[in-house]
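Novice: If you want the building blocks of each chain, they are given just below.
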Amino acid sequence: MALTGLTACSTGGSTDNSSGPPQSNVTLTVSRWSGPQADEQKVLLDQYTKETGVKIQFDAIDYAQLQQKQTLNMSTKTGGYDLIYVPEGWVGSYVKSGYLTKLDDMVKDATLTGANWDYADIQQSGIDTYTVDGSLYGLPYFVQTPLLVYDKDALKTAGLAVPKTWADILKAAKYFKDQGTGIALPFRQGTAIGNLMAVLLAGDSTSFFDKSGKLDLTNSKVVDTVQFIQDLSKYGLEGSNGWHWDEVNKALQFAQAPMGFTTSGLFSALEDPSASQVAGKLGYAPIPYADKAAGLIQSWSWAIPADSKNQQEAFKLGAWLTSKEQQKAMATVDPGFISFRQSLADDKALVANAPWLPAIKEALSNGVTLPLQPAATEFMTALDAGLSGVVTNGDDPKTMLQTVQASEGSKF
Amino acid sequence: MSTTTARLAPLRSRPGYAKRELRLAYFLILPAALAIFLVMILPLGFAIYASFFQYSLGQPMVFVFFDNYIAFFKDATALRSLLNTIIFTVLSLSLCISIGVGMSVLLKSLSPRVGNVLRAIFAMPILISPIIASLIWRYMYDPTYGLIYFVLNSIGLHGFGGLTASSTALICIVITDVWHATPFIILVASAGLTVIPEELYEAARIDGAGAARTLFNVTLPLLTKTLVILILIRGTDAFRVFDLIYGLTGGGPANSTTSLSIFAYQQAYENNQMGYGMAVAVLTLIALILLFGPLMRNSARGRAE
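Order-wise, the sequence lines are chains A and B.
Quick note, the first sequence lines up with residues 1 to 412 if you use the working numbering.
Quick note, the second sequence lines up with residues 1 to 305 if you use the working numbering.
These are computed hints drawn from the structure, not numbers from a lab.
Each hint should be verified, as a subset may be incorrect.
With a straight-line Cα cutoff of 30 Å, these simulated DSSO-like cross-link-like pairs (lysine-lysine) come out [what the hints assert, rightly or not]:
| # | chain 1 | residue 1 | chain 2 | residue 2 |
| --- | --- | --- | --- | --- |
| 1 | A | 292 | A | 309 |
| 2 | B | 74 | A | 214 |
| 3 | A | 221 | A | 361 |
| 4 | A | 411 | B | 19 |
| 5 | B | 74 | A | 398 |
| 6 | A | 69 | A | 398 |
Taking the hints into account, I'd like the entire structure generated from these sequences.
Specialist: Dropping the structure here:
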């Protein structure tokens with residue numbers, strides 16, 4: 001059903017096919033993971049083949065093997081892939097290894113992008129994410145970010161306004177905890193708690209690092225942020241210290257939690273009337289902040305390997321996939337698909353199905369990524385474990401941060 | 001038979017026969033040896049080789065000699081994972097063996113029909129994959145929806161930390177593992193019990209031995225070889241535990257359930273420190289050899305005798 005809709009929505013394509021099906025000798029090999037939207041994307045790619053005659057081999061594999069396979073292909077320089085799906089975390093190392101093509105000239109070439117592509121419509125934070133040493137290496141495609149999700153009726157009954165600041169959310173969470181529930185928090189040891197901390201830091205106009213790029217976990221703003229996380233955890237729904245995003249989403253979906261922090265990739269389930277007890281009753285807002293609203297850019301882009309033998313054709317396909325028309329088609333069949341295109345966040349038809357879009361636009365206007373340095377994953381793993389101790393064992397935030405600073409600081 | 005032997009005897013005495021026979025033997029075992037080399041020796045060799053390098057996907061390999069091994073013994077999380085693994089193995093193994101053997105002795109004392117039905121029922125958890133078992137128990141342990149909290153709360157026991165407290169998370173995982181692995185012990189121990197001659201029990205009864213004395217003086221001594229095999233299989237399984245922990249807690253809270261396998265996975269695939277991850281895997285192998293090697297050697301010696 002959804003896939004049929006996608007084909008129907010699909011427009012664009014510049015080839016004139018009035019005199020019969022277009023012909024092309026080009027075959028592009030596309031690499032992506034077999035996760036969300038892979039099936040819908042396959043339908044789009046088939047549509048592209050119909051419109052242009054360009055044949056596409058679609059290599060969708062498990063996320064766990066994707067980086068390894070892309071690396072293997074690009075390092076052997078055999079031109080195995082023409083267009084690859086890349087998250088922000090891999091771009092730096094791919095560029096450093098010389099695997100990717102610069103896209104700066106291509107995005108300015110209307111013969112490649114098509115006349116109405118509108119590069120300026122792509123959110124600047126997305127462009128910045130895929131810009132390395134001043135050059136663009138990926139076309140931002142899909143993003144997700146955590147938000148505060150709340151039951152509008154529950155807040156109204158409690159006489160509470162939508163929480164915007166740390167003080168607001170602590171007050172609301174305490175109110176619901178006293179009523180026997182609390183806020184659903186993804187505070188299991190893992191990536192979610194670290195992701196939230198990155199958003200909270202950005203919302204307090206700070207980060208894990210000082211201006212010179214050194215790890216700086218002991219500054220007072222970082223300590224305050226972890227203290228806030230600990231304070232909030234006291235008002236968490238019973239057991240949510242062991243939850244990840246999906247469990248928070250379920251607690252919201254089945255009306256067990258009046259509010260919670262969850263991630264946009266899971267929002268569709270909340271508004272599906274056949275699967276959710278609260279469809280149409282939820283509100284969405286940026287994660288409460290100390291200074292200004294902020295979001296986390298967890299995204300994917302389309303990049304072109306340096307060894308591709310069909311770089312221009314690959315770029316045309318990438319531009320087509322990131323065009324307004326195709327992005328709207330994807331968002332129509334999957335409301336959880338969040339585009340970097342700003343104009344779509346205000347599209348009334350899309351917002352009707354995806355009421356979180358305005359909040360996401362607000363959050364991403366101050367969007368940050370997780371640290372992308374080579375040692376960042378080690379640091380985040382250590383921090384996630386430390387944060388887990390803070391919320392489950394009541395470890396002292398400052399001591400925890402000093403410990404992580406001592407073990408990870410020298411790597412940056 | 002004897003005619004065939006008589007016909008073959010002169011063949012063996014011909015010059016070159018033994019050499020040809022040896023060549024044939026080598027030729028016949030070649031496919032198996034090749035398979036073992038490709039799927040066991042080669043990956044193990046690569047793991048040992050890679051453990052001496054600073055090795056991340058997409059980056060050049062840098063030889064660091066024993067640095068990865070030294071880093072392990074300086075890393076508080078790594079040592080914690082080693083301790084967790086030892087605690088998990090000791091608890092899980094001892095509970096599995098004592099409950100499993102106890103249950104199989106109990107089932108043997110029942111009528112064969114009842115015993116077989118109960119054995120089949122008890123064996124069911126074996127059919128569930130560890131990751132599914134972990135998902136089932138994750139919801140059992142959930143403070144909001146879980147059966148365990150429902151039972152505890154209904155009898156007035158509040159404040160159980162379950163999977164969300166560092167002090168209880170590992171115990172919760174041990175309980176899940178015991179639930180999942182004990183049926184295997186029951187099946188194997190039950191098979192072991194069938195070969196103990198009934199006359200011995202009869203003699204013990206005539207001598208006036210009670211149930212406990214019969215268990216310790218007849219059953220367990222004659223079950224020793226089976227127990228050694230069970231300890232080897234379950235012990236090594238428990239020491240390498242990954243999927244149950246990954247599904248239940250992911251190693252948290254605060255690394256309180258991180259096992260060596262989870263730690264190696266985190267290093268290799270989450271932190272992209274393949275060399276360090278390989279070093280942890282090699283150290284796990286060495287620990288397994290040290291812990292279970294003597295038992296394996298004795299078991300092999302026992303079979304030879």
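Novice: Hint by hint, note whether the structure agrees.
Specialist: Right, here's what the structure says about each hint:
1. A/292 - A/309: violated, 46 Å
2. B/74 - A/214: holds, 23 Å
3. A/221 - A/361: Given that 30 Å is the threshold and the Cα spacing comes to 25 Å, the pair holds.
4. A/411 - B/19: With Cα atoms ~62 Å apart, residue 411 of chain A and residue 19 of chain B exceed 30 Å; violated.
5. B/74 - A/398: The hint holds at about 23 Å.
6. A/69 - A/398: Status violated; Cα separation ~41 Å.
Of the numbered hints stated above, those contradicted by the structure are hints 1, 4 and 6, listed in ascending order.
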